[in-house]
Amino acid sequence: MLALWGALLWIGIARWERVLAAPSGAWDHRVAFATWILAIITLCGGSILQERRIHESRTMKGVGQWSLAWMAFRKSHVAVGAAITVMVFYLAALLTPFLAPFDPAVQGSLITERMLAPSLTHPLGTDQFSRDVLSRVLYGARISLTIGFVAVSISMTIGTVLGAVSGFAGGRLDSLIMRFVDMVISFPRLVLLIAIIAFFEPSIFLIVAVIGLTQWPQPTRLVRGEVLSLREREFIQAGKALGLSKTRLVLRHLIPNTMAPVIVAATLGIGDTIVLEAGLSFLGLGVQPPTASWGTMVADGRDNLLGAWWISTFPGLAIVLVVLSFNLAGDGLRDALDPRLRS
Amino acid sequence: MPLLQVEDLSTYFSTDAGVARAVDGVSFSIEPGETLGIVGESGCGKTVTSLSIMGLIANPPGRIIAGSSIRFRGRELVDLPEKDMRRIRGNRIAMIFQEPMTSLNPVFTIGNQIREALTLHRGIGRSEARRVGIELLREVGIPEPEQRFAEYPHQLSGGMRQRVMIAVALSCEPELLIADEPTTALDVTIQAQILELLADLRGRRGMAVLLITHDLGVVAEVCDRVLVMYAGQIVESGTVDEIFHRARHPYTEGLLESLPKLAAGGRRLHPIEGTVPNPVGWPTGCRFSSRCPYSWDRCEAYVPPLLATEDTNHLSRCWLEDEPERRRTSAGAGSEW
Chain C
1 MLALWGALLW IGIARWERVL AAPSGAWDHR VAFATWILAI ITLCGGSILQ
51 ERRIHESRTM KGVGQWSLAW MAFRKSHVAV GAAITVMVFY LAALLTPFLA
101 PFDPAVQGSL ITERMLAPSL THPLGTDQFS RDVLSRVLYG ARISLTIGFV
151 AVSISMTIGT VLGAVSGFAG GRLDSLIMRF VDMVISFPRL VLLIAIIAFF
201 EPSIFLIVAV IGLTQWPQPT RLVRGEVLSL REREFIQAGK ALGLSKTRLV
251 LRHLIPNTMA PVIVAATLGI GDTIVLEAGL SFLGLGVQPP TASWGTMVAD
301 GRDNLLGAWW ISTFPGLAIV LVVLSFNLAG DGLRDALDPR LRS
Chain S
1 MPLLQVEDLS TYFSTDAGVA RAVDGVSFSI EPGETLGIVG ESGCGKTVTS
51 LSIMGLIANP PGRIIAGSSI RFRGRELVDL PEKDMRRIRG NRIAMIFQEP
101 MTSLNPVFTI GNQIREALTL HRGIGRSEAR RVGIELLREV GIPEPEQRFA
151 EYPHQLSGGM RQRVMIAVAL SCEPELLIAD EPTTALDVTI QAQILELLAD
201 LRGRRGMAVL LITHDLGVVA EVCDRVLVMY AGQIVESGTV DEIFHRARHP
251 YTEGLLESLP KLAAGGRRLH PIEGTVPNPV GWPTGCRFSS RCPYSWDRCE
301 AYVPPLLATE DTNHLSRCWL EDEPERRRTS AGAGSEW
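Protein sequence lines correspond, in order, to chains C and S. Here the first sequence stands for residues 1 to 343, numbered as in my numbering. Here the second sequence stands for residues 1 to 337, numbered as in my numbering.
Be a bit skeptical, because a hint or two may be false.
What the hints assert, rightly or not - If you only want the chain S side, here are some residues facing chain C, beta carbon under 10 Å, derived:
(1) 58
(2) 82
(3) 88
(4) 98
(5) 99
(6) 100
(7) 105
(8) 108
Because the hints were derived from the structure by calculation, they are not lab data. Since the structure is predicted, the reported quantities are computational estimates derived from the model, not experimental observations. Yeah, the Cβ is synthetic: ideal placement off N, Cα and C, and Gly gets one too.
One chain only, chain C, in its complex shape:
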């Protein structure tokens, strides 16, 4: 908490000219500015709320499924640590325009600044085009994390809706949707991705769309399975007996009850997606240079691995750290949300 305060204050002091210029600058600077303000407000609000909760801790309020899960989640230090790491990465990605010491695409002097080892000016060194590795890792975080988040959001949304409809409607509609799911699953995903990317111009948008649109069958099956057991529960019958419409039953009563496994799947899915994107970029099928992406950076540095190990190692470490954090946080969430595992 203190470190976060320190970082936010440091941005305000050390990067004050960028912060001041941000509201009228490029859109990513504006986003960074908004994040910075929001983070400060949240921190202040959080401290005030905490103060208040100590005073009013005995007020009676409903303890919902989510508060229970949060209490269980808090007990696992590994999962909390992982979740904090993930959040720090996202915050860093959003604040990148303020944090990065250099422009990630600008090349320094090719003679004096090429492949410098980590130093105070370049904490993670420079690459073969004399670009600052730290800045590129930070900008790469934006690409990787955004792709992971957006692609998974797309697939989870499609999956939840299709799965819920399929499970609730049953009959012919169910078979139709599930056969379609089987069809999509039976496609080798990597080959499909490579084929589509080879067909079109590779771009971030295309990668997000392709990953998002090929990943929905798993959540569809997951949600359908949940709905199949939920719809036999009496509260659904009771809802029908109350005269609720089908749309209302699905949206308000079924889907909220399937959210726990979906959130777990989404958390684990973001990790997978980041690895997939890094793999594609490594193969040159993903994000195109000079845009920084962890996968391309690892690929860029592999020719100089012995002489300039820092070029590949730091983006590689970033991938490992983020994906590991997502997986650990996902496992923690599963333990917290599954009442059978709750002790």
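Take the given structure of chain C and dock chain S to it, following the hints.
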């Protein structure tokens, strides 16, 4: 005019083994403000009857057979479009279920679920719905309703949840409340409280109650009239008094025999032999004949109609009404009654 008139209701289910005739030609009616009990063992068609009235039979596999008629205040409910049926469900006919533990949505607060019914059918605003909702919780005997309003189902006990279910069911002031085994999952003291509450609410609101149960004790406590169902048919119908003190049908006799009685001292209980036959192939002739202590050749060959007894409006589906002398000659457990 009766509030609800069910005529010749048949609900069949297609199964892999054949057509299961779960409800087969059931007729009865409920007057406004009356409490009617339906009793019978598991699998005799009680729940299917109530779900048929609510229009909640999933099709497929179930279907209500042509010729069945369910009239609510003179309006035919069979084949009513889903949209119109939804307006009746919850609003004019409400239903409470057996399992209070799973009848409430676990992810929403109690208040949220009461408000849903109120805003949906009565079209009142949020704050008004909150006020009415808290009033309802108070009416069904929940202490500190303002606080309970913000709580989740898992924070309440079974009896409390059933009260909440009743509050939700009552929210739109239904004219008919169908209670499907409302006390089965509760322990005995809570059962008594819930039954008292139902009787109390009926008296105060003048709503009719259709009480479905396998517990004769519950029926004796709260019902005006009783239907005894067996194998998808009504086998005996009459007032509580007639059923309990002058039971005519051997099945009813058997049910009463298997009930412990304080007055009878240490007498052995006589369970009915065997189980309810498979609804895919009901026995020809009288459906109870395979388990009946009096059964003779006529029972196995011919289906008995509902026959009149000495009491008016007390009917029994048994050939004994035609040949009363057989009751004495058979070695019957019923003689003790």
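Structure-based check of each hint:
1. 58: 9 Å, holds
2. 82: With a minimum Cβ separation of about 9 Å from chain C (threshold 10 Å), the hint on residue 82 (chain S) holds.
3. 88: Hint on residue 88 (chain S): holds, closest Cβ of chain C at ~7 Å, below 10 Å.
4. 98: 8 Å, holds
5. 99: It holds, given that the least Cβ distance between residue 99 (chain S) and chain C is near 5 Å, below 10 Å.
6. 100: This hint holds: residue 100 (chain S) lies near chain C, its Cβ roughly 9 Å from the closest one there, short of 10 Å.
7. 105: At about 5 Å, which falls below the 10 Å cut-off, the nearest Cβ of chain C leaves the hint on residue 105 (chain S) intact, so it holds.
8. 108: Interface hint status for residue 108 (chain S): holds (8 Å vs cutoff 10 Å).
The structure fails none of the hints (numbered hints given earlier).
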